[in-house]
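Protein sequences appear in the order of chains A and B. Anchor point for the first sequence: position 99 equals 111 in my numbering, and the numbering is continuous, going up by one each time. Anchor point for the second sequence: position 94 equals 474 in my numbering, and the numbering is continuous, going up by one each time.
Please note: incorrect hints may appear among the correct ones.
[What the hints assert, rightly or not] Simulated crosslink set (BS3-like; lysine-lysine; CA at most 27 Å straight-line):
| id | chain 1 | residue 1 | chain 2 | residue 2 |
| --- | --- | --- | --- | --- |
| 1 | B | LYS407 | A | LYS107 |
| 2 | A | LYS107 | B | LYS514 |
| 3 | B | LYS525 | B | LYS560 |
| 4 | B | LYS514 | B | LYS525 |
The hints are simulated quantities; they were obtained by calculation from the structure and are not laboratory data.
Each chain, letter by letter, is given below.
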Amino acid sequence: MIDAVAAEALKMRRHRGTWLMVWIFPIAIFLIALASLVYYQFAPASPPADPQSAAAWIADSTIFWRAPGSAPGRILIAGFSALLFAGEYSWNTWKLIIPARKRWQLVVAKWAVAVGFVFAAFALTDLISLTTEWLRSLQGSAIPEGVTLSGILAAHARAAAYALLPIAYATAFATLFAVLTRSILATVIISIGLVILEGMLGLLGVFFHARAPDLTRFLIETLPPYHMLNLIEWANRKAGLVSPLGPDASVALSWTTSLIALLAWIGLAMAVTLVRFSRQDLN
Amino acid sequence: MHSDRNEIVALELRDLSKTYGRGAKAKRAVSDVTLSVRCGEVYGFLGPNGAGKSTTIRMALGLIRPTSGQVRLFGSEVTDRDALGRVGSLVDGGTFYPFLSGRDNLRVLARTRGIDGWRTEEVLERVDLTRDAKRKFKGYSTGMKQRLGVAAALLDDPDLVILDEPANGLDAAGIQDMRKLIRALADEGKAVFLCSHLLHEVQQVCDRLAIVSKGRLIREAGTAELLGTSLRLTIEARPMDAALKVLETRRPIAAPSGHIAVEGTSEEAPAIVRELVAAGVDVFRIAAEEQNLEKVFLEMTSDPND
Chain A
13 MIDAVAAEAL
23 KMRRHRGTWL
33 MVWIFPIAIF
43 LIALASLVYY
53 QFAPASPPAD
63 PQSAAAWIAD
73 STIFWRAPGS
83 APGRILIAGF
93 SALLFAGEYS
103 WNTWKLIIPA
113 RKRWQLVVAK
123 WAVAVGFVFA
133 AFALTDLISL
143 TTEWLRSLQG
153 SAIPEGVTLS
163 GILAAHARAA
173 AYALLPIAYA
183 TAFATLFAVL
193 TRSILATVII
203 SIGLVILEGM
213 LGLLGVFFHA
223 RAPDLTRFLI
233 ETLPPYHMLN
243 LIEWANRKAG
253 LVSPLGPDAS
263 VALSWTTSLI
273 ALLAWIGLAM
283 AVTLVRFSRQ
293 DLN
Chain B
381 MHSDRNEIVA
391 LELRDLSKTY
401 GRGAKAKRAV
411 SDVTLSVRCG
421 EVYGFLGPNG
431 AGKSTTIRMA
441 LGLIRPTSGQ
451 VRLFGSEVTD
461 RDALGRVGSL
471 VDGGTFYPFL
481 SGRDNLRVLA
491 RTRGIDGWRT
501 EEVLERVDLT
511 RDAKRKFKGY
521 STGMKQRLGV
531 AAALLDDPDL
541 VILDEPANGL
551 DAAGIQDMRK
561 LIRALADEGK
571 AVFLCSHLLH
581 EVQQVCDRLA
591 IVSKGRLIRE
601 AGTAELLGTS
611 LRLTIEARPM
621 DAALKVLETR
631 RPIAAPSGHI
641 AVEGTSEEAP
651 AIVRELVAAG
661 VDVFRIAAEE
671 QNLEKVFLEM
681 TSDPND
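Construct all of the structure, not just a fragment, from the sequences and the given hints.
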């Protein structure tokens with residue numbers, strides 16, 4: 013199994029698509045950080061800003077772990093997953109590797125590389141960001157008192173753990189679309205459509221609740237978009253998402269409910285992908 | 381020891397069928413194909429375009445699920461990874477990752493198979509691709525892609541090598557090298573399942589042949605047997621009517637040139653001459669008409685309705 017993962021990593025690490033959709037995060041942050049360090053080195057001293065609390069500073073420093081849950085982040089993750097899975101159809105290379113290993117192992121190896129690469133890219137981005145903050149402190153931008161290494165580590169570990177869910181969610185569904193459509197473009201388009209639809213969830217909920225209240229509530233409480241957004245809200249604000257449906261109606265669920273629901277959806281998407289792929293004819 | 385190995389059935393297809401689509405749109409691509417390939421032999425699989433050769437190969441590699449029937453590799457189901465691990469294949473002229481070099485493509489495949497990469501250089505050398513191994517696959521010529529495909533097929537030192545049109549895109553020297561390589565593989569005790577439309581090449585390299593048409597296996601025999609049984613004798617004899625009457629049981633065909641063609645081998649020629657002479661027919665000439673695979677193939681696969 014480790015060999016299959018290593019093969020996938022070897023294959024994808026230098027692909028242009030990986031640079032554009034995964035390594036772009038640490039590279040962009042590195043360039044921005046470099047530019048800001050150079051700027052502050054030569055810029056005239058500005059009056060000190062209002063001091064930030066240690067908790068707020070630490071919370072702000074985890075900002076890059078929110079990117080996987082954002083719309084652009086999820087689209088890029090879906091694009092990379094599309095490349096990883098649907099690419100094999102485009103290059104006609106499934107028939108090269110399928111006789112070499114069990115189909116489920118190939119799929120699991122691809123999931124591991126998709127999640128692993130994206131997670132590694134964000135971890136690297138986070139590290140660059142923290143290093144930049146430390147270098148800025150040497151340039152005179154003080155780190156608030158009370159900020160400790162253990163505090164930073166705990167907050168970043170928690171933020172990273174929360175980020176795993178949107179990464180797994182985007183990957184699982186993009187994989188499913190890739191196996192069903194066998195096309196990179198179609199997978200990306202459907203994934204973008206899903207992200208847009210999720211963004212319109214509030215509006216759609218209000219619109220349809222006026223016509224079919226029970227069905228609308230059932231769909232919102234069952235389908236994954238609300239749960240994804242609810243968990244992101246819990247991660248960012250320590251409070252859940254209240255999705256209004258009408259004057260006296262709203263959906264507000266606990267983070268455990270959303271976590272279970274989302275894990276179930278991710279599991280279902282993965283299971284359908286495995287079953288569909290294991291029965292697929294590759295001409 | 382070698383002969384023991386040659387008794388091993390590497391690939392066995394039993395009543396293998398594949399139907400695409402359902403209901404009125406159903407199309408039967410392969411119908412009840414049964415054959416077996418032993419270690420140490422080169423088995424030719426021939427058929428016109430659309431005969432079901434590629435579908436059969438894909439079923440043998442587990443890429444396509446058969447509608448009915450069985451594929452057995454070294455006595456095991458095709459789903460058995462250990463058995464499939466003993467198979468090397470070249471399909472579709474070598475499909476590889478266009479953004480990787482030839483060498484990296486083989487490394488990826490070696491890793492996927494879970495084997496050491498040390499054989500990569502050996503197989504690149506064997507197909508004469510070492511010099512171009514650094515180049516990206518998308519820049520390869522058709523012949524180079526084909527050779528890389530063969531290298532991939534040989535990567536894990538397989539016991540069964542399935543080659544779908546391995547000579548496609550090769551020049552004359554390349555075809556000759558390929559022929560030698562295929563023969564050498566069989567001499568090493570490997571089973572080679574060869575699908576090719578270059579009938580002259582197949583005739584020279586294969587020990588046994590199967591001919592498929594419209595999804596059905598219409599003939600399976602040793603190459604010599606297939607060509608031998610189809611031998612024809614051309615006879616020049618007078619009077620023609622009397623000669624035709626004597627040869628009636630051999631289904632004679634009177635050609636406009638005045639010759640008579642009958643089915644038969646050169647070993648049968650003396651007996652035929654004796655029969656004709658005994659019936660008072662003068663025999664001026666009798667000669668075996670050389671058959672080649674192309675002729676046999678076209679006769680077997682031609683559609684009488686066309």
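Checklist entry - Out of the numbered hints, which ones does the structure contradict? => result Every hint satisfied by this model.
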